[in-house]
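Trainee: The residues making up each chain are set out below.
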Amino acid sequence: MAKIFVLVEHRQGQIRDITYEMLTKARELAEKTSAELIAVLLGKNTKELAKPLTEYAKTVIAVEDSKLENFNSEAYKKTLSKLITEHKPSLVMMGHTSYGVDLAPRLATALNLPLATDIINLAFEGETFTVTRQMYGGKVNVKASARKSETYLVTVRQAAFTAQKPPQPANGQIAETPSPLTEEIAEKRFLQYVLPPLGGVDITAAEKLIGVGRGIKDAANVPIVEDLAKTVGAVLSCSRPIVDKGWLPSDRQVGTSGKTVKPKLYLALGISGAFQHILGMKSSDLIIAVNKDAKAPIFNFADYGVVEDLFKIVPPLKNKLNELRAQKA
Amino acid sequence: MDIVVCVKHVPETAEAELKIDSSGKAVEKAGLVYDINEWDDYALEEAVRIKEKQGGTVTAVTIGADDSDSTLRKCLARGADKAIRLTDPKFDGSDSYAIAKILHSVIKTIHYDLVLCGVQSGDGSNAAVGPILAEMLNIPHATMVKKIELATGTAKINRELEGGLEEQLEIRLPALISVQTGINEPRYVSIMGIRKAMQKEIKVMTLADTGLTENDVGTAGSWITVDKLYVPPVEKQAEFLKGTPDEIAAKIAEILKGRGLI
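Here the protein sequences come in this chain order: Y and X.
The opening residue of the first sequence carries number 1 in the working numbering; numbering runs sequentially from there.
The opening residue of the second sequence carries number 1 in the working numbering; numbering runs sequentially from there.
Derived by calculation from the structure, the hints in this document are not laboratory data.
A short list of chain Y residues far from chain X (calculated; beta carbon distances all over 10 Å): (1) 31; (2) 58; (3) 83; (4) 90; (5) 164; (6) 177; (7) 182; (8) 229.
Below, a list of computed lysine to aspartate or glutamate pairs in the DMTMM-like style, where the Cα atoms sit at most 25 Å apart: (9) Y:51 - Y:31; (10) X:25 - Y:125; (11) Y:67 - X:162; (12) Y:67 - Y:187; (13) X:242 - Y:303; (14) X:82 - X:67; (15) Y:148 - X:214; (16) X:200 - X:52; (17) X:82 - X:201; (18) Y:262 - Y:303; (19) Y:217 - X:246; (20) Y:262 - X:239; (21) Y:44 - X:162; (22) Y:47 - Y:69; (23) Y:208 - X:162; (24) Y:47 - Y:184; (25) Y:217 - X:185; (26) X:242 - Y:227; (27) Y:295 - X:28.
Here a beta-carbon is modelled for each residue, glycine too, at the ideal position from N, C-alpha and C.
Input sequences plus hints: build the corresponding full structure.
Mentor: This is the structure in structure tokens:
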């Protein structure tokens, strides 16, 4: 029977959402191809973590080893290489996350398995394994085919699939499997987690946010949007490039590597909407986006869109809001 | 410390409107402005900063057509000592795996203590070449790196996880590190600096110089081949507000007022 592997992503005792998103999609594929769905869990204390997975997967392969306590792509590579060689799954799925990005390309090379990264869809079409992914910051989709192989490897974009509990729990078996790691990984050692600096502004607590992106062009223009934020009574936040350039501090960053926000208003100015940013703000109650490019992905998530240079909109908007305020008072 | 930096010459597309070309497998390149890949820009800066502190050499390597020279000139102007461009029509259609093979064929002949890459390219966004190359070179690697502290024979590095969290690792050198944006502030390179760099030589190599065969590169040597490009289907789209900037501003203000947001 064919097998599908889903690598369980977890950190500090928590299974991460991407795991359930992959298991949901993998279940659909497993049904279509009559394959067995196997969740692969590598860690130090796997017993508690394995339980919720049995609801989704027929088998949970649990490898327990203190050397797997914290993620280490080299330790994972060695362990997964052995499991893949033994089980010969038709597909191995892992997250396109800080873990999957570190692990998948190297594992694929070691085993010479075709790898497609950051996929948003995948299918077995007859004899061919195909994937859908994006290029150019989400402006273009690509359909691609993999070279024929016994096993394919993919990294899956976060939130590409929606996690859903199976209608019938899978009542999976936990297969405790001995670790193949005989010694510590000397060339790459985990030392510690480093928490973001405390203090600063908590953008997750703000009712109204203005988000600025590359469209702001220059650090000298930040006061213009700061001014608008004051008028709106909003807190200023931003997309990644603005923090990378040092124009706003990192506590203002919205997105996967920053904060996930859910304000009543998110006014996006000059943000094109890379998926990392979208994931951080798409649940906002009201999204209004201003961007020069009519095809910017942000408009697929906004309630209202304005195709215009933000600098043409911000001054009259500030005036209008001040007028309304004056009328009220 | 000898450092190799892998760079790519890519179109800037964050604010550009893209069209798919007649082959259906690529975007129209006409009208697009090319520059060094954003992630590679940070990797290059990091390499030059290490060299300035510790001495040694920086070699920039790229795969691309001859117009990639402008990116290599930028590297040389920024402080790279040598530049290598790998150019061959047979490289077209290469995926991350084939690209890593080409880079590997050259880098294995150079002395290095550190190989630096950007996490990903702004066009393909595969985020795969670095770790593939590390496996081929048989050296440890770390991706999405936001901080590098070098010691003797090792480096302490911070990797970006999610939500501002990082993990600190220690890796043995030589190693490959793929650099995340924001690790430093890339310096400005003056036109004068680039002009000066015009005098430095760019070494050009073709498939024949790599020891690889036609079957190792291009689509033949790839794991993945592109079938077609298409504009992402729109599931939901914003209601567009139209008019003069004043009219639009009034409409936004009305929406906010209607929702009790002002």
